[in-house]
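Participant: Taken in sequence, the protein lines are chains A and B.
The opening residue of the first sequence carries number 1 in the working numbering; numbering runs sequentially from there.
The opening residue of the second sequence carries number 1 in the working numbering; numbering runs sequentially from there.
Some hints here could point you the wrong way.
Stated by the list, open to error - List of simulated lysine to aspartate or glutamate pairs, DMTMM-like, C-alpha gap at most 25 angstroms:
hint, chain 1, residue 1, chain 2, residue 2
1, B, Lys164, B, Asp143
2, A, Lys65, B, Asp53
3, B, Lys164, A, Asp26
4, A, Lys65, B, Glu37
5, A, Lys65, B, Asp143
Unchecked claim - Just some of the chain B residues that point at chain A, by a computed CB distance under 8 angstroms:
hint, residue
6, Tyr36
7, Asp53
8, Pro54
9, Arg79
10, Thr84
11, Leu134
12, Leu181
Unchecked claim - Here chain A is said to cover these stretches of chain B; the calculated rule only asks that three of the stretch's residues, wherever they fall, bring their Cβ under 8 angstroms from a Cβ of chain A:
hint, stretch
13, 63-73
14, 91-98
15, 165-179
Since the hints were derived computationally from the structure, they do not count as laboratory data.
Think of the CB as a built atom: it goes at the ideal place given N, C-alpha and C, for glycine as much as any other residue.
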Amino acid sequence: MRLPRRDLHSLAGPYALDALDAGERDRFERHLERCPRCQDEVRRMSQTATALAMAAAAEPPAGVKERVLAAVAVTPQLPPVTTRDRPRVRLGAAPRAARRYPRLVTAIAAVAVAAAAVLGGLLAVTQHQLDSAQAHNQEIATVLAAPDARIASAPVTGGGTATVVVSHAENKLIFTSAGLPELAPTQVYELWLLGPGSARPAGLLPEPVAGKTAPVLASGFTAEDKMGMTVEPSGGTSSPTTTPILVMPLPQ
Amino acid sequence: MEAREAPGPAKRADADLDALLTLVARGDQGAFEALYERLARPAYGLIRKVLRDPAQSEEVVQEVLLEVWRTASRFDPARGGAATWVLTIAHRRAVDRVRSEAAAAGREQRTSRVPAAGDAVADSVEATLDAELLRRCLAGLSDVQRESITLAYYGGYTYPEVAKLLEVALGTIKSRIRDGLNRLRDCLGVS
Numbered sequence: 001m002r003l004p005r006r007d008l009h010s011l012a013g014p015y016a017l018d019a020l021d022a023g024e025r026d027r028f029e030r031h032l033e034r035c036p037r038c039q040d041e042v043r044r045m046s047q048t049a050t051a052l053a054m055a056a057a058a059e060p061p062a063g064v065k066e067r068v069l070a071a072v073a074v075t076p077q078l079p080p081v082t083t084r085d086r087p088r089v090r091l092g093a094a095p096r097a098a099r100r101y102p103r104l105v106t107a108i109a110a111v112a113v114a115a116a117a118v119l120g121g122l123l124a125v126t127q128h129q130l131d132s133a134q135a136h137n138q139e140i141a142t143v144l145a146a147p148d149a150r151i152a153s154a155p156v157t158g159g160g161t162a163t164v165v166v167s168h169a170e171n172k173l174i175f176t177s178a179g180l181p182e183l184a185p186t187q188v189y190e191l192w193l194l195g196p197g198s199a200r201p202a203g204l205l206p207e208p209v210a211g212k213t214a215p216v217l218a219s220g221f222t223a224e225d226k227m228g229m230t231v232e233p234s235g236g237t238s239s240p241t242t243t244p245i246l247v248m249p250l251p252q
Numbered sequence: 001m002e003a004r005e006a007p008g009p010a011k012r013a014d015a016d017l018d019a020l021l022t023l024v025a026r027g028d029q030g031a032f033e034a035l036y037e038r039l040a041r042p043a044y045g046l047i048r049k050v051l052r053d054p055a056q057s058e059e060v061v062q063e064v065l066l067e068v069w070r071t072a073s074r075f076d077p078a079r080g081g082a083a084t085w086v087l088t089i090a091h092r093r094a095v096d097r098v099r100s101e102a103a104a105a106g107r108e109q110r111t112s113r114v115p116a117a118g119d120a121v122a123d124s125v126e127a128t129l130d131a132e133l134l135r136r137c138l139a140g141l142s143d144v145q146r147e148s149i150t151l152a153y154y155g156g157y158t159y160p161e162v163a164k165l166l167e168v169a170l171g172t173i174k175s176r177i178r179d180g181l182n183r184l185r186d187c188l189g190v191s
């Protein structure tokens, strides 16, 4: 059913309660962009709806908080929309943003796989990403989809957070980081698998994007190994030359 | 009891939530955790109210909270407070899910989702002041106003579906929703 324009105002209430079907919702949102009176009305009614939501509060099941915080630690955020970018029509936003932030979008795709598997609820996203991602991402997705996948985070000396997802069954792990201090161009963060009396190189961290590093995959470890990280000269070394800024046990 | 965002004299708490969400937009994970403490319960309770199924509600609340993290930079305080922004996302996701399930399963199954009388308000152990106040305010609405609002918001029905369920004309439902929300707002003292 298509309402004449003057009747669109009457949809503010149903809109604030999400009681429009998808077509009418889109139509009303386009109208909303240029109807200050409707914006006021929707804001007031949405605030009232918020009271309905607050009154329904209930404790989430155990584990939700941990899973959400773990996913947050490996999920990059969207950049702010600047006034210049703000599209006149909502639908125009996606392709423009994709052109402007190609690297970031790639990183989001890569890490979205990680986040998706952490949250069983995003399986559809995982599937979508699997369909379009490269072999590297597929290998990462395999680890994350492993039934025994475990996640742990630890602070890094000097700042930042390290997150490790391990599948002992696959004997593979994924390392990501957020908020590590920026290094001189001649330096790199190097990962290590630390066993009793041994340190095996486990890869170099890529350049961070929006403060986060894309997942690094490592294998060939034992359950007793620890994850280590040092700052090394560009190109990395075969054994650590500086004091580790991270030593964390692998999640079991 | 947790800080109350709405209804009530909660402007201060609202401003704090807005500030938290602004920090979240800058990548502050500590601020996100604080925001979680304040809004995860309403978000989960609302989603559970609409979806009913605990496992699905758990999935959806996780998606919603991650979306809040990812898209925090898009929050615009001028369009309503942080609680409204987060709970609007939560409600939208829950409604989208329940409608796509209903479309897949056929419409008849949906009649079982009509909220039972007296079920409009939280049944959680914490019978909060919010819930008690809302219960009283809802009781002050006409039957059609109250049922239109609760069927649409907690039941996830579109307003034409609500009109059909209540056997009332479409135009009547739209005006009852608007009048009911306005009366609720006055009664609750939403700022």
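Participant: Which hints from the list above does the structure break, by number from lowest to highest?
Facilitator: 5 and 7
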